[in-house]
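Listed below, chain by chain, are the residues.
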Amino acid sequence: DAGVIQSPRHEVTEMGQEVTLRCKPISGHDYLFWYRQTMMRGLELLIYFNNNVPIDDSGMPEDRFSAKMPNASFSTLKIQPSEPRDSAVYFCASSARTPGNNSPLHFGNGTRLTVT
Amino acid sequence: QQQVKQSPQSLIVQKGGISIINCAYENTAFDYFPWYQQFPGKGPALLIAIRPDVSEKKEGRFTISFNKSAKQFSLHIMDSQPGDSATYFCATPGANNLFFGTGTRLTVIP
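Chains as they are written, first to last, in our numbering: chain A, 482 to 597; chain B, 17 to 126.
Hints were generated in silico from the structure; no laboratory data involved.
These numbers come from a predicted model, not from an experiment.
One should not assume that every hint holds.
Claimed, not checked - Quick list of in silico lysine-lysine cross-link-like pairs, DSSO-like style, CA-CA up to 27 Å: (1) K84/B - K21/B; (2) K559/A - K58/B; (3) K549/A - K58/B.
Claimed, not checked - Listed next, the stretches of chain A that the computed footprint assigns to chain B, with coverage defined by at least 3 CB atoms under 8 Å from CB atoms of chain B: (4) 522-530; (5) 572-584.
What the hints assert, rightly or not - Computed spacing ranges between beta-carbons, pair by pair: (6) T557/A - Q19/B: 27 to 35 Å; (7) E75/B - K559/A: 38 to 46 Å; (8) A86/B - A577/A: 38 to 46 Å; (9) P489/A - E42/B: 34 to 42 Å; (10) V493/A - P24/B: 41 to 49 Å; (11) V493/A - I36/B: 34 to 42 Å.
Virtual Cβ for every residue (Gly too), placed ideally from N, Cα, C.
Given these sequences and hints, build the entire structure.
Written out as structure tokens, the structure reads:
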């Protein structure tokens with residue numbers, strides 16, 4: 482298996498522009514997570530899906546952020562409009578079962594977003 | 017959100033030395049405590065995990081020690097190597113997710 486695939490690896494955009502991050506989870510995994518990593522706040526959970534259904538989006542910073550999972554093999558995280566404080570590395574991760582049940586998270590290599 | 021307190025923030029160890037990273041958690045109803053390892057430019061990856069029905073788990077040079085009464089668990093890296101230089105995260109599970117510590121940046125000096 483190729484693992485979790487994220488694209489793009491790097492994204493540089495200007496404030497106010499729309500940004501779309503993409504993720505392909507590992508086939509057969511029921512859970513998909515979006516995390517954001519910054520030096521100040523570490524790894525923050527933004528949202529997660531179970532069987533393509535959003536379960537908890539309480540970590541989404543504000544309405545500018547939205548996430549979708551139209552099918553089991555694809556998810557997007559969209560920021561519209563983007564702001565400089567959104568600059569971070571965004572990770573997608575998937576797991577076969579709930580992580581609380583000894584099922585590891587498999588992370589992609591992340592998208593480094595820079596908003597100028 | 018569940019709190020996981022991790023220390024130290026950074027750690028510098030000589031090659032061959034022992035690296036120790038500590039985590040303290042609040043309440044959890046789940047019995048699974050993992051450590052993740054992250055290299056620059058990569059996502060975190062599961063390193064080792066423990067269930068608290070045992071107080072210690074060892075995999076090669078990596079050992080988790082668990083103290084359920086104190087709500088603490090630690091990662092010990094024996095005979096630390098330059099290739100171990102990475103950021104390490106402890107985590108505790110919630111109902112359907114993981115709460116990560118703030119990370120420890122380990123540097124092993126040759």
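Evaluated hints:
no. : hint                       : verdict
1   : K84/B - K21/B              : holds (15 Å)
2   : K559/A - K58/B             : holds (21 Å)
3   : K549/A - K58/B             : holds (24 Å)
4   : 522-530                    : holds (count 4)
5   : 572-584                    : holds (count 7)
6   : T557/A - Q19/B: 27 to 35 Å : holds (30 Å)
7   : E75/B - K559/A: 38 to 46 Å : holds (39 Å)
8   : A86/B - A577/A: 38 to 46 Å : violated (31 Å)
9   : P489/A - E42/B: 34 to 42 Å : holds (37 Å)
10  : V493/A - P24/B: 41 to 49 Å : violated (33 Å)
11  : V493/A - I36/B: 34 to 42 Å : holds (39 Å)
Violation of the numbered hints given earlier is confined to hints 8 and 10; the remaining hints are satisfied by the structure.
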